[in-house]
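Colleague: Sequence:
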Amino acid sequence: MSERAPLPGRPVRGSETGRPLMAAFDLLGRRWMLRILWEMRRGSVRFSEFRDRIPEASPTTISQRLDELVAARIVNQGRSGYRLTKHGAGLLLALGPLELWAQSWGARVAEAGDQESRVNR
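So this note's numbering is basically just the index in the sequence shown, starting at one, shifted up by 422.
Since the hints were derived computationally from the structure, they do not count as laboratory data.
What you are looking at is a predicted structure, and each value in this text was computed from that prediction instead of being measured.
Beta carbons are placed, not taken as given, at the ideal position from N, Cα and C, and that holds for glycine.
Hints are not guaranteed to be accurate.
[To be verified] Pair ranges (Cβ atoms, derived):
#	residue 1	residue 2	range
1	R457	R426	15 to 21 Å
2	S502	R530	40 to 46 Å
3	S502	G535	32 to 38 Å
4	E533	R426	39 to 45 Å
5	R426	S526	32 to 38 Å
6	G535	R495	37 to 43 Å
7	P433	S466	30 to 36 Å
8	P433	E533	36 to 42 Å
9	S502	L443	28 to 34 Å
10	A529	L456	18 to 24 Å
11	S502	G431	28 to 34 Å
12	R463	G431	17 to 23 Å
Let the hints inform the model, and build the full structure from the sequences given.
Modeller: Below, the structure is given as structure tokens:
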């Protein structure tokens, strides 16, 4: 298990007590973490596939993130590659409402920007 993985009950960014929500925010806020999770939404992904699908991320970073996800029991590693656990699949479902909120927020920000640019003409 990775010692660096933020886990509930351990001090994490933003929480000395390691409150579960803060541990989740710390884990999910790491560079490339959400993208790696997204790539597993349809099933197992081999390490080489992650490298092909996320060429901007270094292999070292991908490996670190996968180790953290395994340590957090969000992902399992098997012969067919990396796959979401039941908790990992639940995490993606839980992020669905956040995605809807973000789309609404993005639309409002864009609308406000359009209004501002019309006023400043």
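Colleague: Does each hint fit the structure? Answer for all of them.
Modeller: Each hint tested on the structure:
1. Separation of R457 from R426 is about 19 Å and conforms to the stated range, judged on CB atoms against 15 to 21 Å.
2. Between S502 and R530 the Cβ separation comes to about 42 Å, which falls inside the hinted range of 40 to 46 Å.
3. Restraint check, S502 to G535: a C-beta distance of roughly 45 Å breaks the suggested window 32 to 38 Å.
4. Distance hint check: the CB atoms of E533 and R426 are about 41 Å apart, consistent with the given range 39 to 45 Å.
5. Here the CB-CB span from R426 to S526 is close to 35 Å, well matched to the stated 32 to 38 Å.
6. A beta carbon spacing of about 41 Å between G535 and R495 agrees with the range 37 to 43 Å that was offered as a hint.
7. As the Cβ distance of P433 to S466 is approximately 33 Å, the hint placing it in 30 to 36 Å holds.
8. One distance hint, 36 to 42 Å for the beta-carbon pair P433 and E533, holds here, with the actual separation near 41 Å.
9. The supplied range of 28 to 34 Å is met by S502 and L443, whose beta-carbon atoms lie about 32 Å from each other.
10. At roughly 21 Å, the beta carbons of A529 and L456 sit within the given window of 18 to 24 Å.
11. Distance hint check for S502 and G431: the Cβ-Cβ separation is about 31 Å, which falls inside the suggested range of 28 to 34 Å.
12. The given range of 17 to 23 Å is broken by R463 and G431, whose C-beta atoms sit roughly 28 Å from each other.
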